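My request is simple: use the sequences and hints to build the entire structure.
In my numbering, the protein residues as written are 430 to 538.
Derived from the structure by calculation, the hints contain no laboratory data.
If you're wondering where the values come from, they're calculated on a predicted model, not measured in any experiment.
Hints are supplied without guarantee of correctness; some may be wrong.
As the list claims (entries may be wrong) - Ranges of calculated distance between the beta carbons of each label pair, as one might list FRET restraints: (1) Thr464 <-> Glu536: 14 to 20 Å; (2) Arg473 <-> Leu535: 20 to 26 Å; (3) Leu535 <-> Thr489: 38 to 44 Å; (4) Asn490 <-> Thr470: 23 to 29 Å; (5) Pro458 <-> Thr489: 16 to 22 Å; (6) Ala485 <-> Ala516: 18 to 24 Å; (7) Thr522 <-> Thr474: 41 to 47 Å; (8) Thr522 <-> Thr475: 36 to 42 Å; (9) Ala517 <-> Arg473: 35 to 41 Å.
All C-beta atoms in this analysis are idealised placements derived from N, C-alpha and C, irrespective of residue type, glycine included.
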Amino acid sequence: MKHIVRLSAVSLSILFGSCAAAPSMPLDPVRAVATTRFDVTVDRTTLKLPYYANTALDETNPAIIRAVIAVHGADRNADRFFEGVRAAARRATAENSTLIIAPQFLELP
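Now the structure itself:
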(Lines of atoms letter the chains of each structure in order from A and count residues from 1; the text may use other names and numbers.)
(Lines give C-alpha, C1' and ligand atoms only; values in the text may rest on other atoms or scores of the structure.)
Protein backbone atom coordinates (compact mmCIF):
# COMPACT_ATOMS: atom_id res chain seq x y z
CA MET A 1 0.00 0.00 0.00
CA LYS A 2 2.83 2.42 0.79
CA HIS A 3 4.14 2.16 -2.77
CA ILE A 4 0.65 2.92 -4.11
CA VAL A 5 0.40 6.00 -1.88
CA ARG A 6 3.87 7.12 -3.03
CA LEU A 7 2.91 6.48 -6.65
CA SER A 8 -0.28 8.48 -6.11
CA ALA A 9 1.68 11.30 -4.50
CA VAL A 10 4.10 11.40 -7.41
CA SER A 11 1.27 11.28 -9.95
CA LEU A 12 -0.60 14.10 -8.24
CA SER A 13 2.59 16.14 -7.96
CA ILE A 14 3.30 15.74 -11.67
CA LEU A 15 -0.27 16.57 -12.66
CA PHE A 16 -0.52 19.55 -10.33
CA GLY A 17 2.99 20.80 -11.00
CA SER A 18 2.36 20.95 -14.73
CA CYS A 19 -0.80 23.00 -14.20
CA ALA A 20 0.35 25.27 -11.37
CA ALA A 21 2.42 27.71 -13.39
CA ALA A 22 0.04 28.02 -16.32
CA PRO A 23 -2.08 31.17 -16.78
CA SER A 24 -5.75 30.87 -15.93
CA MET A 25 -8.94 32.30 -17.34
CA PRO A 26 -12.22 33.17 -15.60
CA LEU A 27 -14.40 30.10 -15.10
CA ASP A 28 -17.90 29.44 -13.82
CA PRO A 29 -17.99 28.47 -10.13
CA VAL A 30 -17.71 24.75 -9.43
CA ARG A 31 -20.65 22.91 -7.85
CA ALA A 32 -18.56 21.24 -5.12
CA VAL A 33 -14.98 21.49 -3.87
CA ALA A 34 -13.35 18.47 -2.27
CA THR A 35 -12.68 18.91 1.44
CA THR A 36 -9.58 16.70 1.55
CA ARG A 37 -6.30 18.37 0.56
CA PHE A 38 -2.98 17.04 -0.71
CA ASP A 39 0.11 19.21 -0.19
CA VAL A 40 2.13 19.78 -3.35
CA THR A 41 5.32 21.84 -3.36
CA VAL A 42 6.10 23.80 -6.52
CA ASP A 43 9.07 26.19 -6.59
CA ARG A 44 9.33 26.07 -2.79
CA THR A 45 5.67 27.05 -2.42
CA THR A 46 3.31 24.52 -0.86
CA LEU A 47 -0.07 24.39 -2.54
CA LYS A 48 -3.12 22.46 -1.35
CA LEU A 49 -4.74 20.30 -4.02
CA PRO A 50 -8.33 19.25 -3.25
CA TYR A 51 -9.11 15.61 -4.00
CA TYR A 52 -11.66 12.87 -3.42
CA ALA A 53 -10.54 9.39 -2.33
CA ASN A 54 -12.25 6.28 -1.04
CA THR A 55 -9.55 5.63 1.57
CA ALA A 56 -7.05 7.77 3.47
CA LEU A 57 -3.79 8.23 1.59
CA ASP A 58 -1.74 8.35 4.79
CA GLU A 59 -2.88 4.97 6.12
CA THR A 60 -1.74 1.48 5.17
CA ASN A 61 -4.46 -0.71 3.68
CA PRO A 62 -3.23 -4.20 2.71
CA ALA A 63 -6.50 -4.89 0.84
CA ILE A 64 -5.60 -2.35 -1.87
CA ILE A 65 -4.18 -4.05 -4.97
CA ARG A 66 -4.86 -1.39 -7.62
CA ALA A 67 -5.26 2.36 -7.93
CA VAL A 68 -7.35 4.49 -10.28
CA ILE A 69 -6.76 8.22 -10.68
CA ALA A 70 -9.79 9.89 -12.28
CA VAL A 71 -8.98 13.27 -13.83
CA HIS A 72 -11.92 15.58 -14.57
CA GLY A 73 -12.35 17.84 -17.58
CA ALA A 74 -13.00 21.58 -17.95
CA ASP A 75 -16.07 21.46 -15.68
CA ARG A 76 -13.76 20.62 -12.73
CA ASN A 77 -16.40 18.18 -11.43
CA ALA A 78 -14.05 15.77 -9.68
CA ASP A 79 -16.90 14.68 -7.41
CA ARG A 80 -18.84 13.22 -10.34
CA PHE A 81 -15.76 11.51 -11.79
CA PHE A 82 -14.96 10.05 -8.37
CA GLU A 83 -18.50 8.74 -7.89
CA GLY A 84 -18.55 7.29 -11.41
CA VAL A 85 -15.34 5.32 -10.87
CA ARG A 86 -16.50 4.28 -7.41
CA ALA A 87 -19.79 2.97 -8.82
CA ALA A 88 -17.90 1.01 -11.49
CA ALA A 89 -15.59 -0.50 -8.85
CA ARG A 90 -18.63 -1.40 -6.74
CA ARG A 91 -20.32 -3.12 -9.71
CA ALA A 92 -17.11 -5.07 -10.33
CA THR A 93 -16.97 -5.98 -6.61
CA ALA A 94 -13.56 -4.32 -6.51
CA GLU A 95 -14.27 -1.23 -4.38
CA ASN A 96 -12.54 -2.56 -1.26
CA SER A 97 -9.40 -3.52 -3.18
CA THR A 98 -9.15 -0.37 -5.32
CA LEU A 99 -7.78 3.00 -4.25
CA ILE A 100 -9.77 5.65 -6.13
CA ILE A 101 -8.42 9.20 -6.26
CA ALA A 102 -9.96 12.15 -8.10
CA PRO A 103 -7.85 15.31 -7.85
CA GLN A 104 -9.69 18.58 -8.41
CA PHE A 105 -7.91 21.24 -10.44
CA LEU A 106 -9.85 24.45 -9.81
CA GLU A 107 -8.10 26.48 -12.52
CA LEU A 108 -7.46 25.49 -16.12
CA PRO A 109 -3.97 25.74 -17.61
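Verification of the hints:
1. Distance hint for Thr464 and Glu536: a CB-CB separation of about 18 Å, consistent with the stated range 14 to 20 Å.
2. Checked against the hint of 20 to 26 Å, the pair Arg473 and Leu535 passes, with Cβ atoms roughly 21 Å apart.
3. Under the hint 38 to 44 Å, the C-beta atoms of Leu535 and Thr489, about 30 Å apart, miss the expected range.
4. A hinted range of 23 to 29 Å holds for the C-beta pair Asn490 and Thr470, which are about 25 Å apart.
5. At about 37 Å, the CB distance of Pro458 to Thr489 disagrees with the hint of 16 to 22 Å.
6. At about 21 Å, the beta-carbon gap between Ala485 and Ala516 stays in the expected band of 18 to 24 Å.
7. One distance hint, 41 to 47 Å for the beta-carbon pair Thr522 and Thr474, holds here, with the actual separation near 42 Å.
8. Look at Thr522 against Thr475: about 38 Å separates their beta carbons, and that is inside 36 to 42 Å.
9. Checked against the hint of 35 to 41 Å, the pair Ala517 and Arg473 passes, with Cβ atoms roughly 39 Å apart.
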